[in-house]
Amino acid sequence: MNVWTWLKFVTLLWLLRKGLKLARWLMVVAAAVAVWPVTVVAGTGYAAAWLRGWPPVRVYRTAAWTLIMTAAWLVALEASEPGFLAAREPGRAWGVGWDQLTLAGLARTFALLAPVAIPAGLALAGLTWAWRIYALTTGLGGIRASAPITFDARQWRRQIRTAKGLTDAPGAVPLLARGGQIPIGGTIRAIGHRWHPVLTLPAAACTRHMVIVGATGSGKTNLMIRLWAGWFTAATAAARSERGDRPLLVVLDCKGGRDARRKADRTRRLLYGAGARRVAIWPDEARLCLWDLPPDDLAVLLYQMIDSGTGAAAYYADVLQAVVTLAVTAPCGPPLSTQAFLDRLNAPWLAGAWNDGRHLSEAEHARAAARHLPDIQLRYATLLRRLGPALDGPGALAEADAWYCILEGTRERSVAEAQAMALTELAAQAATSLDGEPRAMLLAADDYSAVSARVPLSNLYERGRSLGIGIQVSAQSWEGLGATEDERYRIAATADGGVFVMRTPHPEPLAALAGKRRVLETAHRIIGGAWGDGGTTREQRAWTADPDLVRRLAVGQACYIHRGAATFVHVARPKPSPLSLLPPPAPPIAPPIAPVPEPRSEPDSAPDPWPSPASLDDILGPEAPR
Amino acid sequence: MTTTPNPFRALGLPERPDLTDEQVRAAWRNIAAATHPDRPDGGDLARYTAASAAYAELRSPWARSEAYADLADQAGDGPVTAPLPPVPGEAPPVPPWQPLLALTQVPARIRSGRPLRLAIRGLIATGLALIVLQLVPGTPAAPADVLGLIIWFVLTGRKDLAPPPER
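In order, the protein sequences belong to chains E and P.
Numbered by the numbering used here, the letters in the first sequence go through residues 1 to 626 in order.
Numbered by the numbering used here, the letters in the second sequence go through residues 1 to 167 in order.
Treat the hints with care, since some could be wrong.
One side of the interface only, derived from the structure: several residues of chain P facing chain E at Cβ under 7 Å [stated by the list, open to error]: (1) SER112; (2) PRO115; (3) LEU118; (4) VAL136; (5) PRO137; (6) PRO140; (7) PRO143; (8) LEU147; (9) GLY157; (10) ARG158; (11) LYS159; (12) ALA162; (13) PRO165.
Which chain P residues stay away from chain E? Per the calculated CB distances, all over 12 Å, these [said to hold, decoys possible]: (14) THR20; (15) ALA26; (16) ASP38; (17) ARG39; (18) PRO40; (19) LEU45; (20) GLU66; (21) THR156.
The set of hints was computed from the structure by calculation and includes no laboratory data.
All residues carry an ideal CB built from backbone N, CA and C; glycine is no exception.
Okay, chain P solo, but in the shape it has when bound (with noise of 0.2 Å):
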């Protein structure tokens, strides 16, 4: 929960969580300077508190990844803070199809989790299959070789794809 509604915008920064100290230091000087209060003109005391203390919430890479994870939160990434409303009955028992049921995640962990680098391990482990196949084809060799490929998809993609409900 940042306190400054949106800290990158009152700096006029990108939403990135990846800005140097000097991008952010250099953003809030620019502003500082065109709207102090000491100014002849008066300055602009609301737009320089608003970016002095969203200069104070960016100042380290972990505040601005903190603030990063904030905003997302709040664009929806993250799951709502309204309480779940109860529900009468009785605890549902785990079914023995619950293997089953993890399988039709699957399709929406891909979603959520990282579509394209997944696509790119799938394209490389086909392509190399389709070369394997190419290469050697009709030998012991081959299915072998594909199975290799298909196990290292498995296991290195597993990990660009969403954590399952409530994990």
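The following block holds chain E by itself, in its conformation from the complex (with noise of 0.2 Å):
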């Protein structure tokens, strides 16, 4: 074999295979062309679903839903011509559209067709999509090598642009959605998890554990007001169905200051358009007592609020220990206030309680510890000063759907964290407690970590899940879930209710609560600036929550995590609903309604927390449209 023939032997097989593949595309063009109908709906759909940045599932449910129409059809078709020569409709309609290609023809052909021509299109196109999408990420397809780069680039600002105009519909994401859902925001993307336009959480979900992390002004707070409220609608609604107990949200904001306030206030508005009865904050408008506390625990409580040290110091806290169970244990009973408290921090007054001659270790006991008492009640009136009136009563817990707890974590760290001690301790025992009215509980702590060196999150959790109630907590870092490594793994690997992750510097040990998928990954070789003949796939690992992307995230924006797979998701600004039900207007001439009435002030005979509508405008709403 000499060179020419060589060359005319590879010239020949190369023709052969572009004349092959030019008669595949030729076919194709053909078949496009005979199907017409399909191939303008498959066009549509695929041109949409690329634009829209749409998963093919998308497509393939409007296929579905369009099926109806297709059964609309095949119903009226046998009622017209009765048995399977109706069969025969469609092809006739096709044939007698090629007699008449005017554009009121093609109109009436395809009108004739679209019954058959829209699902199978749609269907089509969605196949179409979930093969270029197929081939793009595998390496398969495209033209340059950057490819996958630039497709999952501009689908992802797609899907992003879909999710903000889903997400600022005012019905699509509504504080509870059907089936007891919480509606989050649209989504952007969905991986390992089932995709649907709005992403949406079980109400159950907040019962349990979860974690919210996201630097300051990654809309960490809209989130978590949305969860509150849609968990609060929910339980509202399974309690007026008698599927549920009431609810009852307590919040601690641990960061305080204005923002707290700001915050306070829309959790307000939102929970009484969710319906919401009374909405209480803490301690600017009530105030809850700790004296109510059953003595056993509020002795440990007053003993743990004071820091007392270890080492040499451990002496000292075991006489700390001694007096306050026997102040508070004492045979008269508890103390009712602070002044009460610290008036049975001296010798005299534990001596004369004790000594009743049926407790004589404890009148001994109270002897020993005489002289350290004068410390002992310097230490609690400077704390419980500090702590100031807000924990002294009168208030309960049980006395508000929600209550708003502002601790200034911030600026005084001692006092936020003996605060929230107290506060925990109040929760528990209202989610414990017998004699009143069981209630469904949601315990939200927002920036834990300015409080959580003295209460462990890992303590509020196992407290949580031992109490039945649920726990949500947000930091704004990885690092500030937890003192050491291993506290931050023990509360993000137990949030079974999911991880949510906004913006944040440092993503990488949530995002691998996610774990990695099975991606392929396909190298080519390179003839100039695009891609070659040759080249090999193989299977490789990659995060099923990117952390680039994760860093990445807009304002608003935050990643799922739950059971190995995550969802993106743009978070919708929580709203009620403008028709919720109103208070009846105020007289004119009528003082000013107070912002939160006191606590106390409730009537002995237990009202209905659900207002009954009087009349239509109760439930439409004033006349004029707000």
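Two chains, each in its own frame: build the complex with the hints.
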């Protein structure tokens, strides 16, 4: 074989290959022209999916919905022409269409074939779009080597735009969806989770443990308020239909400051719109009573509230604990106020209280501790004065539907820590108390890291689990979740309600919770700037929740990690329905309504928590559109 | 709850959430240059302070949307903040005619949603339905096509309605 023969052979092979390829494409084009109504629908569906960043499942679902019109068409066909002869109808309409190649004729043919062409076209569009995504993500398609990256970046932008558009629609993301689901926002991208246009969580997810991590300004507050309002609405609806207990939401805003007041106000507005009867803001507008706790719990709490130190200070700590226990569990009953407690921290009172002849050892303990009592009294006087009157009653958690507790964790850390301990203890007592009405409880701690030095978050979790209350915790970063790496992992890994990660500089440990997924990676031989014919494909592992994507999330975007899968979502600003029940309009010269009434002003007879609409106006709201 | 009564007004800007960073910065710079206390004429400290506070509140797009939403709430677009009065008596059971009650709420939900978009969708669906009935009258495809258009209108239009009460 000489060179010329070899060249002819190679050229012939090349022409043969290209000819076959051309023939294949011509057949495809011929088929597309032949079934042009299906092609038109498929092209439109494909373009819509490409432009809006839809996953193929979105197109398939649309195709499934359009099968209703096919069913209606078949029924109508059967009615007009009974029997199998009706099956010839589409073919006849298609054939007649080729004789009328005018705009009106084509439109008529399309209208006649639409009940078949639309479902078929959409299904074809979904298949083609799925193939395109597969080809590009595995590296089998595309012209340039950068095609997979460009495609993914472009689709990400479009998916965000679509999710934002959906989120802006008034009825797309209400506070509560059907089936007790809490809508969060428009889905940007789902990896491993089933895709839905709006990410919804079952209300039960909020009654387990949930972690939210996001830097300042990432939209964490918005997400948390949405979750609170959604859970409250779901629990309220369940209680109204006698499928659950009345909700009690307790929010600990551990950072405090001006922002906390603003958030409290927003939360209250929203909860009133969601059907709450009373939302109390502590300590600004309402009080709680620490002294309502059972004596044993109260003694432990008061002991823990004092920073007693370790080492040589352990001796002093033991004395302190003994004195507090003696003062609180005295035979005459527990103290009813701060002043009553401080009054008990002196030798004559303790001796008198226990010296009844039946408590000899306690009386002996009181005598032994006498010389420490002035110091202990001084410490408690200082601590309780710094805590202020807000824990001195009157008030109980059960008296409101929701409590927004503001702790000044940034300004007065030690005070906020003591307050956090007291409030969690009160919440625990409210959850386990057998006296009052059982309540479905959610304890949410925003920026808990500000007060977590004395009450580790893992302890809060454990308590929540044992008491059956939902715990929701937010932090500004992975490091803010706990003091040690072990504790952080314990908190994040036990969040069985899911983990929301918003923009944060170090998302890797949280992203690792979603694990990795198998992907195909294709290596191509490069010829110039384009891909050649040769190459290999191999299986690789990629992040399910890509940390780089999480790092680049915009304000209001979050990644929800749950059960080894991730969904990126654009969180919708929580707003109650404008048609929510409103209080009766106040008379024109009425005195101004206090923002929150005193909790103790509750009437003795338990009032009905649900306002019953008196007339249609109460349901539809005022006449003028709001 | 914005700390400045109306931060948009303090900067002389329209009350819109889609203002750009540049617009807000330019408005603040103009006011700051005209009212700064270091000016030879002594400036206008009160206005300067108000503008500075407003600028701090409107610096980022997110903050602007929050401030806008707060203003909308204050203007009556949101629920009132006063607590609902307790209503004595037993909780009313969910009536069996609840679905019918939901139907009576539809006009109010349309009014409080995006009526213009809904109207446009309705016009498109009606127009196409009329075209279909004109092109293929009396054929089995006609009712099917019209049904398809109705399904499209219902599925895409429901998100333009305001949510039902307490949702």
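Here is how each hint holds up against the structure:
| no. | hint | result |
| --- | --- | --- |
| 1 | SER112 | holds (4 Å) |
| 2 | PRO115 | violated (9 Å) |
| 3 | LEU118 | violated (10 Å) |
| 4 | VAL136 | holds (5 Å) |
| 5 | PRO137 | violated (10 Å) |
| 6 | PRO140 | holds (4 Å) |
| 7 | PRO143 | holds (5 Å) |
| 8 | LEU147 | holds (5 Å) |
| 9 | GLY157 | violated (9 Å) |
| 10 | ARG158 | holds (6 Å) |
| 11 | LYS159 | holds (4 Å) |
| 12 | ALA162 | holds (5 Å) |
| 13 | PRO165 | holds (4 Å) |
| 14 | THR20 | holds (15 Å) |
| 15 | ALA26 | holds (22 Å) |
| 16 | ASP38 | holds (28 Å) |
| 17 | ARG39 | holds (30 Å) |
| 18 | PRO40 | holds (35 Å) |
| 19 | LEU45 | holds (22 Å) |
| 20 | GLU66 | violated (8 Å) |
| 21 | THR156 | violated (10 Å) |
The structure does not agree with the numbered hints 2, 3, 5, 9, 20 and 21 stated previously, though it agrees with the rest.
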